[in-house]
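Enquirer: Chains as they are written, first to last, in the working numbering: chain W, 16 to 468; chain A, 16 to 468.
Just so you know, the hints here were simulated from the structure itself, not pulled from any lab data. On a predicted model such as this, the values are computed, not experimentally measured, just so you know. Mixed in with the good hints, there may be bad ones.
Any copy will do: because identical chains look the same in the list, a pair fits if it lies in one copy or spans two.
Said to hold, decoys possible - Derived SDA-like pairs: lysine to any residue, alpha-carbon spacing no greater than 20 Å straight-line:
id	residue 1	residue 2
1	Lys368	Glu271
2	Lys230	Glu265
3	Lys360	Leu433
4	Lys281	Glu358
5	Lys294	Glu265
6	Lys29	Glu246
7	Lys247	Leu94
8	Lys234	Gly355
9	Lys387	Met375
10	Lys234	Glu68
11	Lys197	Arg170
12	Lys234	Glu265
13	Lys19	Glu356
2 protein chains.
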Amino acid sequence: MDMKEKIAELLEQKNYAGLKEYLSAETPQDIAQALSDLDEEQILVAYRVLPKETAAEVFVEMPPEEQEMLIKTFSDAQLKLLLDEMYMDDTVDIIEEMPANVVKRILRSSDPETRKQINELLHYPEDSAGSIMTTEYVTLRENMTVEEALLRIRRTGIDKETVYTCYVTSPARVLLGVVSVKDLLVASDDQIVGDIMDSHVIYANTNEDKEDVVKEMAKYDFLAMPVVDKEKRLVGIVTLDDAVDVLTDEATEDIEKMAAIVPSDKPYLRTGVFETWRKRIPWLLLLMVSATFTGQIITGFEAALASSVALTAFIPMLMDTGGNAGSQASVTIIRGLALGEIEMKDVFRVIWKELRVALMCGAVLSVCNFGKIMLVDNLIFGNDVPVNVALVVCLTIIVTIFFSKLVGSTLPMIAKKLGFDPAVMASPFITTIVDALSLLVYFGIATVVITNL
Amino acid sequence: MDMKEKIAELLEQKNYAGLKEYLSAETPQDIAQALSDLDEEQILVAYRVLPKETAAEVFVEMPPEEQEMLIKTFSDAQLKLLLDEMYMDDTVDIIEEMPANVVKRILRSSDPETRKQINELLHYPEDSAGSIMTTEYVTLRENMTVEEALLRIRRTGIDKETVYTCYVTSPARVLLGVVSVKDLLVASDDQIVGDIMDSHVIYANTNEDKEDVVKEMAKYDFLAMPVVDKEKRLVGIVTLDDAVDVLTDEATEDIEKMAAIVPSDKPYLRTGVFETWRKRIPWLLLLMVSATFTGQIITGFEAALASSVALTAFIPMLMDTGGNAGSQASVTIIRGLALGEIEMKDVFRVIWKELRVALMCGAVLSVCNFGKIMLVDNLIFGNDVPVNVALVVCLTIIVTIFFSKLVGSTLPMIAKKLGFDPAVMASPFITTIVDALSLLVYFGIATVVITNL
Chain W
16 MDMKEKIAEL LEQKNYAGLK EYLSAETPQD IAQALSDLDE EQILVAYRVL PKETAAEVFV
76 EMPPEEQEML IKTFSDAQLK LLLDEMYMDD TVDIIEEMPA NVVKRILRSS DPETRKQINE
136 LLHYPEDSAG SIMTTEYVTL RENMTVEEAL LRIRRTGIDK ETVYTCYVTS PARVLLGVVS
196 VKDLLVASDD QIVGDIMDSH VIYANTNEDK EDVVKEMAKY DFLAMPVVDK EKRLVGIVTL
256 DDAVDVLTDE ATEDIEKMAA IVPSDKPYLR TGVFETWRKR IPWLLLLMVS ATFTGQIITG
316 FEAALASSVA LTAFIPMLMD TGGNAGSQAS VTIIRGLALG EIEMKDVFRV IWKELRVALM
376 CGAVLSVCNF GKIMLVDNLI FGNDVPVNVA LVVCLTIIVT IFFSKLVGST LPMIAKKLGF
436 DPAVMASPFI TTIVDALSLL VYFGIATVVI TNL
Chain A
16 MDMKEKIAEL LEQKNYAGLK EYLSAETPQD IAQALSDLDE EQILVAYRVL PKETAAEVFV
76 EMPPEEQEML IKTFSDAQLK LLLDEMYMDD TVDIIEEMPA NVVKRILRSS DPETRKQINE
136 LLHYPEDSAG SIMTTEYVTL RENMTVEEAL LRIRRTGIDK ETVYTCYVTS PARVLLGVVS
196 VKDLLVASDD QIVGDIMDSH VIYANTNEDK EDVVKEMAKY DFLAMPVVDK EKRLVGIVTL
256 DDAVDVLTDE ATEDIEKMAA IVPSDKPYLR TGVFETWRKR IPWLLLLMVS ATFTGQIITG
316 FEAALASSVA LTAFIPMLMD TGGNAGSQAS VTIIRGLALG EIEMKDVFRV IWKELRVALM
376 CGAVLSVCNF GKIMLVDNLI FGNDVPVNVA LVVCLTIIVT IFFSKLVGST LPMIAKKLGF
436 DPAVMASPFI TTIVDALSLL VYFGIATVVI TNL
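Only chain W is shown next, with the shape it has when bound in the complex:
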């Protein structure tokens, strides 16, 4: 019996004590997931059974629709209790998903200081470090002893999202250094914080792109990254658990862009049909219209195609092979750029490498294809492809792959140089260009080799 069924059964039996005990052994994440499969009334009852602190943790993990439903059933006092238990950054995340009237109620139920901080956090641009940071962190002073510092952490730590990285600030809140709880614990009690702190702090600015901040955190193995304002005053921290979410979201976004989808930040099953359509239709339309050129090339060689119909049969294979070769290159380069493994200065190394790979791939495919035409197409299927057509096809493969890899590897880098997102230069875009290129090459070679065209 899975968790959802177990909860439903206990609710059915009105065994609330049993439910409470059962849920106390489960994680907030699992409870939220199990609840989301129940109906509204069951969710309400089960949620009421949870102890205050667990309830807040479960609430944070729920999908926005259920959060909204629950808030609507809360009294003002209950809402206030919940808000007191939640971390600031979670509150802000939830507010961003709620309709205006719910937001008003949340703000009204917060105490003035919290309200001010929420408003500040809401103010940072989307995708900025400020938008994902939390304002609950531990600050220490330079002249504290280790004993005083640990005492301060013990006294104030319970409400902080993390206590493991502590920030040393001046009275004017300027960030001076960073010290980990590990450093404090292994130091002796009478050492001075200013002496053991690391004063070469790596920090982010509030307006910095959150993706860059998260990549820095991954690079330096940080548990938290301090965020400062223009005067280098500490205003928040980004914690690693939020950073992991950003990393996953950014990878999803890149994958969507590579598949010609306008990125969305909602899970698939929670996105409506109309919204899904709206994310997919722009690129489909654009790419369909671009295919006009490919059609135009074929129209231009109408006479040639009519006189040697065998040529037509290879068009799909040539286009697909070129497209696949090109997207292999483009996707590799796009990911390399995203991870910082490839930089703009590497452009010639990249091209030189891709061209050698292209020639090796082209040679192998071309030889295999010649064998395939002779053995499979002619002997087995009895298509009677003339040898000169087979040669045209094989030569086209080599030239097309050469151009595909060249286009596939350079376009993402050009896009980056021009300030566009390289991810857009993936398969569908490359395919459209490579299609036109491969047809031009094909007909060009055909005209030269097959003299009667």
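Starting from the known structure of chain W, arrange chain A on it as the hints suggest.
Expert: Just chain A, lined up with the frame of chain W:
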């Protein structure tokens, strides 16, 4: 002047004191990156200037080729010193990249206890939790007081990769509970560890897939995940910084598979031309050969194409549009499955949704395409596409997109059901199937509508 130039300049001036001071303000990650651009001799000299602890941290961040080069210049005593400073999991990662003779030297220079642990870690299957865990963690006993526990952490913590999550074990090393340093710090000194620990521990088994473990960690916001053997004895922990690397690598792997590349675990610029070729040629070959069917379909309709050459010009557009529509669906589903947002039980919801999106996309594209043919192709380019051909093309778009989205959304789920990796069912694979489908639909409709074919 960037860091690499600065280091080179200081080396040139033989200003080693200046270099030492300059490097002391930099992170190991940045130092390793700057060094990798210098030549061998410069690396050696700069590395010698680093203080013992920093040197080990820089060493861990270096690419394997430089690590190997450095080890070869080390005396046995120097190598031992380095190994003492490194965390066990880093040592194992490095050993896995080294040639046999270097591995032998490393094992010979480790003390017997370390050597035993290294050998155990090397023994876990690739991609298992065991292969990425570290054996340096803090264990506590149930009957300790908080004061004793903190004292133990302060005494033994310096050599541990993380002290923030402590594991409570029985004398037989069985995992009983988990307690965070934050819990210990905010508790009072005389509380008993057994009372404040969380005994509902979520743990991984040594042989569990590392990807699953890392996803659990992200789900539960863990800083570390305990790893146990078959008898539930604690044998290691996976730390979040390593988990972040696994998450990034897995996303890269999925992206590569989606682009018809056999995944590699090396950065692009460090992969040789031959190796890159070897990762790309299998799928190119397979997909090229599959295109035989598409060619065969065209050959079967040779007569129809010869009598209405206007039909040929739309083949690339129809194939591309079908392929793009299909890969939008497949990539969305593949990513949803990877993130656990879509499960097998959702298969009918997914199909129902994709079909509605398909009809909406098909309708819009079809209408736009009709307009485009009439306005652009006929009026501007003067192609004289007959109205019945335009109708065939537009009808084909609707049917093709319907099938593309159906194939694109179901194939990844079927693959998962059969135990294959859904990521392989992305664009290139879908394209090949959709090409054949769209041609069959195209010629089928054409035969019915255009009566003189």
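Enquirer: Run every hint past the structure and note whether it holds.
Expert: A quick look at each hint next to the structure:
| no. | hint | result |
| --- | --- | --- |
| 1 | Lys368 to Glu271 | between (27 Å within a copy, 18 Å between copies) |
| 2 | Lys230 to Glu265 | both (11 Å within a copy, 16 Å between copies) |
| 3 | Lys360 to Leu433 | within (14 Å within a copy, 44 Å between copies) |
| 4 | Lys281 to Glu358 | between (31 Å within a copy, 16 Å between copies) |
| 5 | Lys294 to Glu265 | within (17 Å within a copy, 25 Å between copies) |
| 6 | Lys29 to Glu246 | neither (58 Å within a copy, 38 Å between copies) |
| 7 | Lys247 to Leu94 | neither (35 Å within a copy, 42 Å between copies) |
| 8 | Lys234 to Gly355 | within (10 Å within a copy, 26 Å between copies) |
| 9 | Lys387 to Met375 | within (18 Å within a copy, 40 Å between copies) |
| 10 | Lys234 to Glu68 | between (34 Å within a copy, 19 Å between copies) |
| 11 | Lys197 to Arg170 | both (17 Å within a copy, 11 Å between copies) |
| 12 | Lys234 to Glu265 | both (16 Å within a copy, 17 Å between copies) |
| 13 | Lys19 to Glu356 | between (44 Å within a copy, 17 Å between copies) |
Comparing the model with each earlier hint shows violations of hints 6, 7; every other hint is respected.
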